[in-house]
Every structure is written in C-alpha cells, then in structure tokens.
Amino acid sequence: MKKTTFILMAIVSALFLLSWILKAGSLSGETDNYILQGFLVTFSAFLTLSVLSFLYADNPLYKFAEHLFVGVSAAFWMCMGFWTTIVQNLIPRLSDGLSKFFEQQPQPGDYNFFFFIPVILGIMLLMRLSPKGGWISRWPLAFIIGTTAGLNFVRYLRSDFIKQISNTFVPLLGTEWQGIGHFFSNLDLSASGQLVAIAANWVIFLGVFCGLIYFYFSKEHKGAFGAASKVGIWVLMLTFGASFGYTVMGRISLLVGRITFLFRDWLEIIS
Amino acid sequence: MVYKLTLTLLTFLLIAPVVSAQETVAASVEATVGDPPMIDSSLIPAPPSDIKAVDTDNDHGHSITVTWELSADDGSGMNNVLSYEVFRWVPFLMDELDTLRAELARVAAEIDSVGRLTSELKDERTVVRAAISDMADQMPEAHRMYPEGGEWRLLDKVVSGVATYENTGGKNREGSDYIPDFSDLYFRVEAVTIDSTIRAASGVAGPVQSFGQWFNTGRTAVFIAFMFFGIMTVFFVMKARRGSELYVRPLAGIEAVDEAIGRATEMGRPILYVLGLGTAADVATIASFTVLGRVAKQVAEYQTQLIVPTYDPIVMSVAQEVVKSSFSDAGRPEDYNEDIVYFVTQLQFAYVAAVNGTMLRELPATNIYMGKFFAESLLLAETGALAGSIQIAGTDEIAQIPFFIVACDFTLIGEELYAASAYLGREPILLGSLKAQDYAKAAVIVLATIGLIAAQFEWNWFIELFHVVD
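Order-wise, the sequence lines are chains A and B.
If you use this note's numbering, the first sequence corresponds to residues 1 to 271, in order.
If you use this note's numbering, the second sequence corresponds to residues 1 to 470, in order.
Derived by calculation from the structure, the hints in this document are not laboratory data.
Here a beta-carbon is modelled for each residue, glycine too, at the ideal position from N, C-alpha and C.
Treat each hint with caution, since some may be false.
[Said to hold, decoys possible] A few chain B positions that, by computed beta-carbon distances, are all more than 12 Å from chain A:
1. ASP40
2. ASP59
3. ALA102
4. LEU155
5. ALA163
[Unchecked claim] Using 25 Å as the maximum straight-line C-alpha spacing, the simulated DSS-like pairs for lysine-lysine come out as follows:
6. A:LYS132 / B:LYS324
7. B:LYS441 / A:LYS163
8. A:LYS219 / B:LYS239
9. B:LYS441 / A:LYS222
10. A:LYS219 / B:LYS441
Please work from the sequences and hints to get the whole structure.
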C-alpha cells in the first residue's frame, strides 16, 4: 500500500469514528440502542460517499463499497432463492418428510407430481459442473429458452402486432364537420378540437409509416424510400428526446433522495 | 234462442280473458312465493320472456350465459321491476358434495393445527377426496333427473334494465363454486318488484351443457397473423437454405463491431461484452447471444481478451456455451477458459457497480452492450465513455435507447439488434426470419393504410377484424 493511500485511509477511519461518536451522541436521547443506530447511519453515509467518490476516479473506498455491495447482494439473492423458491414453494409439494425437516407447513391440495419436472431440469442444469456430463445441461437450457420464446411469441403478436395495427386506424380527415368554431377550438395538444385531432392522426400515420420503413432491412434506403426512412429516424429521435428528458427528471429525484439522506439523516443540517 | 246464444257468447268473451289472466297470475305467484295471502294482482309485472341459456363462448368451460327479454314493466308499462333474480335447478346431490367439501376443509384445518401431516390425517384426506371425486362423477346423471331430486336455487340478482347473466364457476371439484361440465343445467329468471313477494317468473331455459372450447374465436386475428408469419418464415428459411442471396442492408453499428475488435487487438486491451439484465428467454438476450458468438469467434482468431460479466445465472450458462463453441469454431478450443464469462450478482446496481469497476480497472478498448437494459444503461455507457472505450450498444428497451444514443459511438435501435444477429450470423434460419419480419412490416403498412380509409369511411366490419380479446 502506498504511503498516501495509507494516510488517506487513516483520515477516513478517523472521520468515520468521529462521525459515529457524534451521531450516537445526538441519538442518545431518542433511542436506547443509539450506538448501533449511530453506526448504521454513519456507515450508510460512508457508503454513499464512497460510491459518489467514483465521480472523481476509481479508488479503494469505491472498491470497498463495490465489493461489499456485490458480495452481500449475491449472497442475499442466493439465500432468497433457496428459502423462498426451493424450501417454501417446492419442498412442501414434494415431500412430507422434507417439509418437516425444514419446518414448513404442508400445503393440502398442492401435492403435484409435475413439480418433479423442474427438479429434474434443475439437476440436469447442474450437470454442467461435471466434466463429462456437461452436455446434459443444454437440454434444460433449450427447454427454458424454447418454451418462453414460444409463449412470448403469441403474446407479442397480440399486443405488439395486431393491437398496434388497430391503433393506427384513425380518420385522417377528421370526423363529421361540426362548423368552423369546433374545427379550430381547443388548440392545445390535450384537447379534442377537430384540427388538433386531425393533426394528431397525421402524426400517428406518418410516424408509423416512416418508422416501419426505417426498420425495413430488405431494401437499400435510397430515393423516396430513403427519404421516408429519414423521416422515420427523425420521428424516432424526437421520441427518444422526450423520453430522455422524462427519465432524467426521475434520476434527479433519486439524487435528491440521497442528498436528503446525507444532509437530514446524517448531518442533520436540514429538517 | 239466437238471443240466448249471443248473450252466452258475449259473456264468455268478456269473462274468459279475465279468468285466464287471473289463472296466469295465480300460477305465477304460486310458483314463486307459495300462496301469499293478499297480493294486489294488478301490481304483478309482466314476466321476462324469451329466456335462453347457452354455453359461454371462448372459455375453459364451467360457465353458462343466460339472456332474456326484459319484462314489459321494466322501464315502461308499470315500470315497477326493481331487479331480476336468476335461479338454477340444483340436484340435492350438490348438498352432499358440499358436506364432503366441509369435511375436507375440517381435515385441512386439523392438519394446520397439528402442524404436520400425520398418516391418519393423510388417509382421512385421501378418503374424502375420493368421495368428492366419485360424487362429482355422478353429477351429469343427477342433472338428468330434472325435475326430480333437486330444487331451484337463487344464483344472483341483476338490476333492472340488464338482460344477461353469466353463471361462471370453477373447474375444481373441491371448490364451492364448481359447475360440472357436460351436465344438463336449467335456468329461470324472475322479475322482482320493490315488494319481493310480488314477482313474475319466466319459463325454464334448458337443458344446456357447459364445455370448454379449443379455439378462442376472439383471437382469430392473432391466429391468422401467426400463420402468415410462420409460413413466411418457413418459406424464406427454405429459400436461404437453397442458397438464394437474401439482401440485408448494412448496419453501421454492426460494421463497427469488426473495427472495434481490431482496435482492441492493436491496443492489446480486452473487449467487454455486457448482455444486460434480461433473462435467457428475452428476445433481445437471444439476439445478443448470436452477436456474442460472432465477437467471441473473432476474439479467438485475433487472440484478444474477452470479458463477459453476467447478471443472470442461466444467461451465464448459455453465454459460456456460446463462447466455448465460438472458440472451437475458430480452431482455438484450448484458449477458452470458464472465467471469460462469469456471474456477478442479481442485484441491478450492485451489478452496475461491479461492471463499472471492471471498466476502469481493465480499461477495455471496446465495450459492447447488447440485450435488455434498464436504469443502468446510462451508468454503464457514461463510465465506458470516461474510460475512453469505443462503445457499441443495442437494445429493444425503448426507454433506454436515448441513453445509449447520447453516450455510445454506435447504437442499434430496437429491431436493428435482431437484424444484427441475422446479419452477422448469416444463418438461413435467422435470415429467413428477418425476411419474414420485413414482409410482416410491409403487411402492417398495407393494413394500416386500408384501416385509415376504413376509419374515415366508418367501415366498422374491417376494424372489427382486428379486435382481439384479452
């Protein structure tokens, strides 16, 4: 370890201890286990700052936070997978003896021979650990991918194909003429004036038409086809721009959440 | 004589309708409320008419739809119909079945209280279940005995103005809402006034049997689309297999993959391939496997380093197989090692933290993000840009494409990712399906154009063709 790194670690450790003491002191009148609570808040703040330090450069503090995060999450999900999927869902349906061993309530009416199929597939999947039987694991993989893709195919066909087609069935010239006043009324995008409705329908039509042409791969994009394709990419980019702005607003709120934690729960500067 | 005959005839003509009406009312009242002492017959509404009971369409069975014509006094006439009560004739055997169900529930409660399934309780449960099963088997026979051995039971009430009711039950014989399929069921409806003793009953509808349908007619459009797409795919796959040249326009993002691999080789730095957060069954991940195969093959040929951190264990297994076979195809199976593809964690931001760390420590020359991405897309792409890597991304997650567009050098938008796998792989199956997709898009354009005209001229029959039930 470099000397500067060592000094930095010592400073951070000292600051951590100081923060812990101060935080525990501030919580002493509020809760009985103020030492533990003080540690938890200080440690959360330390991890938050460690992750944010990545904005400067990769450093040992970030590495520590990263490895802790990855290790804890991997172990947590493994335990969750074992206890919720295998112990709680599978075992009570297969064996009374094992249910008793894991102290699980038997589930009347849920015993089902077919639950042995995922067990067999799971064991086959684990065969990849065997040097000679690795090929067996390809069968459950094929089963998982094939069945899910097949099921999704019909679902997508319904929601992304048929329903999308029917959603483009809009009158481009508007509905029945109801006078000049109604035609120009409510000139804002959320309203139902005839002119706005007609404009919205044209946007749908041109957007879908040109967007589909952009995604047509069997023909070179030249001439009129190329022009329509260009309009298509413009439509896509406008959509992405709107989506980008909308999502960034959501991310800002996440940042505000972390800053609120640091300044309110840890430093108690804001109320 | 003639005078007497005329008088008798006139008297008969005047009295007969009154007597007939009184008889009808009396019969109706007797059938429904059983001789109420004082009912003002003038308040009895006209009964619902034309009652029909049919098997409910497009379902798994165990359901009957009952329809009727509203009473003449519902919304007009005396306008005194408050609601309709729907009755079904139920054999007494159903009560015995209910007793057995209660017995089964008692055994289940006892198992819960004991905390384990003792052999006595298990035997008891098996016996009750067998009895329920036997009794349920006798249901069609019991229903055939109508009107003996059963009685009319109230199912439900519907408000006035409504002329339809769906009697939907379950298929579980042990459930209280069980309705047996292929049994003769009988229904009737009564129009009820504010005084529930004053009511008028319809005739009986039945026998009718419930049964499930193999084909949901509400999804015919999906079936046609499925057939169209399937036939087109098979046709183009066969065409590709025969050696026909199927044109696919060049995609900038894919052309860049080869250059990026060359760049990594020249710089002596690794290539980072991220498969995203999708499962192995997601279409984007499947497409990404094909691109990974191609990248891994070139990596093996150029002897460059490849890093593939994965989020999902199944994806890891598939990716390992893909990379392994690519190394074999490149004639360098000995260069493959299991550490090329490794599992990180299944927590989204922990995975991001790990991949970001890898980017800054390993400094890959090229980062390839192909698959399904969520909120981590910008975090990954920005860190990659910070590390100075060439970045190529592709996803079908519409909300994430903008982030890749702003932070990556090349981005495959949506379906371009699927096309990329076909373009790179040049396999007949992939090329054939890509061609079929293109024809499907052409069909969408044509149908949408006809639909626009249909919407303008209100050809509702055409619009209805695309109506799909959920």
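Here's how the hints hold up against the structure:
At roughly 51 Å, the least C-beta separation between B:ASP40 and chain A is larger than 12 Å, which holds for a residue marked as non-interface. Listed as outside the interface, B:ASP59 is consistent with that label: its C-beta sits roughly 17 Å from the nearest C-beta of chain A, beyond the 12 Å cut-off. No Cβ of chain A approaches the Cβ of B:ALA102 within 12 Å, the least distance being about 14 Å, so the stated non-interface status holds. Listed as a non-interface residue, B:LEU155 keeps its Cβ farther than 12 Å from every Cβ of chain A; the least gap is roughly 26 Å.
The Cβ of B:ALA163 sits about 29 Å from the closest Cβ of chain A, beyond the 12 Å cut-off, so the non-interface label holds. For the given pair, A:LYS132 sits about 15 Å from B:LYS324 by alpha-carbon distance, which is consistent with the 25 Å threshold. Distance check on the hinted pair: B:LYS441 and A:LYS163 sit about 14 Å apart at the alpha-carbon level, within 25 Å; holds. This hinted pair checks out: A:LYS219 and B:LYS239 have alpha carbons roughly 17 Å apart, not beyond 25 Å.
As the CA atoms of B:LYS441 and A:LYS222 are separated by approximately 18 Å, the hinted pair is consistent with the 25 Å bound. For a cut-off of 25 Å, the pair hint linking A:LYS219 to B:LYS441 stands: about 13 Å separates their Cα positions.
In summary, this structure violates none of the numbered hints.
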